Amino acid sequence: MEKCWQEKGNYHTCYSGAINTNRHKIKMEFSPIILSSLSLLSLLFAAIVVPLVISSQRLLIAISFSLTAVASLLAVAAGCWVVGSGLINKLILPLGLPNLPFHLRLDPLSGFFLTVIGLLGFFVSIYSIGYVKGFLGKRSVTPLVIFYSLFMASMFLVVLADDAFFFLISWEVMALASYFLVMFEDEKTENRRAAFLYLVVAHVGAIAILLSFGVMAGLATGFETFNGYTFDAMREAKFSSGWATVAFFLAFFGFAAKAGVVPLHVWLPEAHPVAPSNVSALMSGVMLKTAIYGIIRITFDLIHVFPWWWGAIVLFLGLISTVMGVLYALMQHDLKRLLAYHSVENIGIILIGIGLAMIFTSFNLPILAALALIAGLYHTLNHAMFKGLLFMGAGAVLHATKERNMEEMGGLIHKMPWTAALFLIGCISISALPPFNGFVSEWLTFQAFLLTPALPNALLNLLIPLGAALLALAAALAAACFVKAYGVTFLGHWRGHHNPPSAPPFMKGGKGGVEVDWFMRIGMILPAIACLGLGVFPTFFIQWMDIIPEQLLGSKIAASAGAFGWMWLTPVSHERASYSGFIVFLGILSVVAVVYLLLHTRRTAVRRAPIWDCGFGKLTNRMQYTATSFSMPIRRIFGFLFNIKEQVRITPPVPPFNKGGGGGLHYHLRVRDRFWNLFYQPVADASFWVSRQFGRLQQGRIHIYLVYSFITIIVLLVFLR
Amino acid sequence: MTTSLAAQINSVLAALILLTAFGLLVQRRIYGLLHLFAWQGLFLSISTALVGYAAGSHHLYISSILTLALKVILLPYILHALIVRLQIRKEIEAVVNVPTTMLIGIALVIFSYHLTAPIMELSTLVTRSTLAVALATVMLGLLMMITRRHAVTQIIGFLALENGLFFAATSATYGMPLVVELGVALDILIAAFVFGIFFFQIRTTFESLDVNQMAKLKEED
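Residue numbers (this note's numbering), protein chains in the order written: chain B, 1 to 721; chain Y, 1 to 221.
Each hint should be verified, as a subset may be incorrect.
[Said to hold, decoys possible] Computed Cβ-Cβ distance ranges for the label pairs, DEER-style:
| # | chain 1 | residue 1 | chain 2 | residue 2 | range |
| --- | --- | --- | --- | --- | --- |
| 1 | Y | 28 | B | 686 | 56 to 62 angstroms |
| 2 | Y | 95 | B | 686 | 45 to 51 angstroms |
| 3 | Y | 86 | B | 677 | 41 to 47 angstroms |
[As the list claims (entries may be wrong)] From the derived model, a few chain B residues whose C-beta atoms are all more than 10 angstroms from chain Y:
| # | residue |
| --- | --- |
| 4 | 66 |
| 5 | 243 |
| 6 | 480 |
| 7 | 606 |
| 8 | 608 |
| 9 | 612 |
| 10 | 618 |
| 11 | 643 |
| 12 | 710 |
[As the list claims (entries may be wrong)] Under 10 angstroms between C-beta atoms, here's a sample of chain Y residues computed to sit facing chain B:
| # | residue |
| --- | --- |
| 13 | 111 |
| 14 | 115 |
| 15 | 135 |
| 16 | 138 |
| 17 | 139 |
| 18 | 154 |
| 19 | 157 |
| 20 | 180 |
Just so you know, these hints were derived from the structure itself, not from any lab.
Keep in mind that this is a model prediction, so the values were computed, not measured.
We put the beta carbon where it would ideally sit given N, CA and C, even for glycine.
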C-alpha cells in the first residue's frame, strides 16, 4: 500500500513507491490526473446534464459533441504530459464501497492509451457533429449522445483505473454503452442480433477477466483480506507459476474476446457494420485497444514474470488473427464489414509485437523486447488513426449512398472528391505503404521478427521466421484488399441498381455532388494528417513513448533508434536497418509532382473518350469488374479456410429470343466463417440444451416448488447441522 | 407455581400443539381446519404466557396477547370471511393420501427429535424439551402446504408454519425481542391480506382456487 498519502481537498495525490521511486519528480499542484478528471467530468456532464437541459435535437448534437471533443483534447493533454514527463499520478476517489475506494492512476502506459483514445475521440467527435445530423428527423439522437459520452468516459476510466473493482465497473460500463450504441437503429433484426452477440461475447470475456483478477487479488493477500483488489497489491505479490498461468490465460481470454482475436472475433464483423459509423470508428479504433491495454497491463505490470511460452501463444494467436482477418476481409463486399475484419488483422499485428516482447523479456533481452513493444504500441496508435479515418470515410459513403454493399457503388471519386482522397490515405496507411504510418509500425514489427535469431531456443529460432513470412503474406493481402475496396467503391462508374446519389437532404443546394459537410471533412482530414505525420516523423513519436518500455521492461530503444538524428529511424543499430520517412516522403512527393506536371501541363496528355467495347455495343456499368471477381483468385487458393457455397443457376432462354426472352445466368455466392460452425454453434446448442433441462425444474406447480425448498431444508439439516 | 410444574404444563401444551398440527394435516373439512388452527393459536398463546411467567420475561405477555388477538381471533375471522365470500363448500382434496401423509409426518417428528437432541443436552432453559416439537410443527406446516391443493389450505399451512417458528423462538431463547415479534405479527397480517387478494385473482383468472391450475402458466417448450 501507499506510504506517501497526502490529502489535498477531496483527493489524494501521491507517487508510487512500487516502481522505481527515484524517477519521479516532485508533486505539482495541477497534475495530469486532475486534467484527465476534468475531461471525465465534462464527458459525464455531456452524458447526463446536457440532454436534460437542451430540448432541440440540432443544438444537442452541436453542444454535446463539442463537449466530448474538448474533453478528448483534455485527455490528450493529460496523456501527452504524463508520457512526456514519465510521472506516475495517483488519485483515490471518495467513491466505491465502504473501505474499498476507487483508485485512479495515470502512468505513461495509461497516458499513452489515454492519448490514443482522446486523439481519435477528438476527431470522431468533430466528425459526429456533421454525421449525426443525418439521423435528424428519423429518430431521436438523445440515446446516441448519452451513450457516446458515456462510452468515451468509460474508455478513459478503463485505462485510468488502478484497482480491479473500478476497472471491471468501467469495463462493464464500456461494454453496455457500446451495446446500446450498436443497438441504436434497433428496428432492424440484424442490429438486434449483432448487438446480442456482442453482449454475450463481452460478458463471457468479462467473467474471465473477473476470475483472473479474483485469482490475483486472492493470492496477493493469501485470501485473507480484501486489500488485494488494488493493482498495487497485485504488483507486489509473488505468484506461483501455476496460478500466474491461470490468471494470465483467463485475462488473455477475456481481453482477446474484446479485442476480437481469432477465434473470438465473430462479434466484430457483426457489430461494427450495424453501428452508426462514428461509433464503429471509435469501437474499432480505440475500444479494441483497451483490451490491448489490459493485456499489457496484466502481463508486463501486474504479473511481470512469465515463461516464454506465454509469449509464444500470444504470438501464435496474433499471427492467426492477422492472416485469417485479412483473408476474411478479402471475401467481404460490405465496406464496413471488410473494415471490421481488418480490425481483426491489425489487432493480430499488435499482438505479434506484444508476443515478441514477451518472448524477448522472458529470455532477458530487454532492448529487443522494448523494440517489439514499441512496434506493438506504435501500431496501436497508427491503427487508431487509419482505422478511424477509414470507418469515418465509410460512414461518409454510407451517408451519401445509403448503401453498404460495394457492388452497388463505384465512381464515387467524382461525386465525393474529399472523401475519396482521404479514404485513399487511409487505404495506403493500412496497406503499410510508405510514407504513411502503417509502414513504420509494420516495419518495426519485422525488425523485431528479424532479431529473433538472438533467442537461445532452437525451436523458436526455427518457427518464428515462419511467422514473419505469414506477416508478410498478410501485409500483401491487405494491400490487395484495399485495392479492391478503393477501386470498387471510388473508381470506375456507378454500378448500382439504383440511381447514383445526388444531393442528399443535408446538403441543400448541392450542385449534384454528395460530398459531406465540413465537420465530417475536418473529422477525416485531421486523422489523415496524423497518419502522414506518424509516418514521416516516427523518431519523434518513438522518443516520446520510449518511457513506456523503460518503465515496464527496464530498457529503451530511443538511444539507438534516434542515433542519427530525427530523420533516420535506426532500431538496434544503423548497420542492420534504417528508414527515413522524411526522405521517402520527399521522394514520393517529387515523383507524384513530376507525373502530375507531365500529365496536366500538356493538353494532349489526358483525353476523355467512350470505353472501347470490342464492338459489342451493349456495355453497361453492371459489367464492370466487381469486388467478388477481384477476390476470386484468392478465394480459389485459400478456399479450404472458408465455408463457401457457390451456385450458378441458368435459366434457359424462352422464345421469342429477340424480345427479352434470353436466358438468365444467376450467380450466388455465400462465404461464411468456419469458426461459427466449429466453435460457436456447438456452444450455442449446448447452452440451449442445458437451459431446456433446467426448464424442467419449472413445473408451474406450487407443490413442486415447495417440495424443492422442503428437500433443501431437510438436506441442509441432515448434512450441515 | 414452581419452575418444574411450569415446564410440565408447557410440555403438555407442546404436545397439544403437535396434536393440532397433525390434526391440520388430516382434517378434510375447511371449517375444521380453521377451528384447529384457532386452537393451535390458543395453545401457543397460553404457552407463551406461561414461559413468560416462568422465565420472568414480561414482554412475552405482550407477545401472548398479540398471538391471542391475531391468530386466535383476527386471522380465523378473516379466513372465515374469505370462505364465505368465495363460497367454498367442497371438501379438500390432498395430493397424497392421508395415511401416507401421517407416516411422513411421524417421520418428520422423529427427525426433529433427532436433530434437536444435541441442543437439548446443552440448553439450560425450562423450555428446552419443546424445541423438537416446535421444529416438527414448522415441518408439518410445510408438509401441509405441499400436500394440499386448495389455496386456502395453503395459507393455513403457512400460518401453522409460522406458529411453529414462533414456538421455536419462545422455547429456544425465551422469545425474540419485542420489536421483532411486533414486526412478524404485522407481516403475518399483511400476508393474510395479500393472500386474500391473491385468492380473488386466482379465482377470476382460473375460476377455481385449485393451485394446480397455475401449471398453465408454465412456459411452453
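- request: Check each numbered hint against the structure and report the violated ones by number, ascending.
  value: Hints 1, 2, 3, 12, 20 not satisfied by this model.
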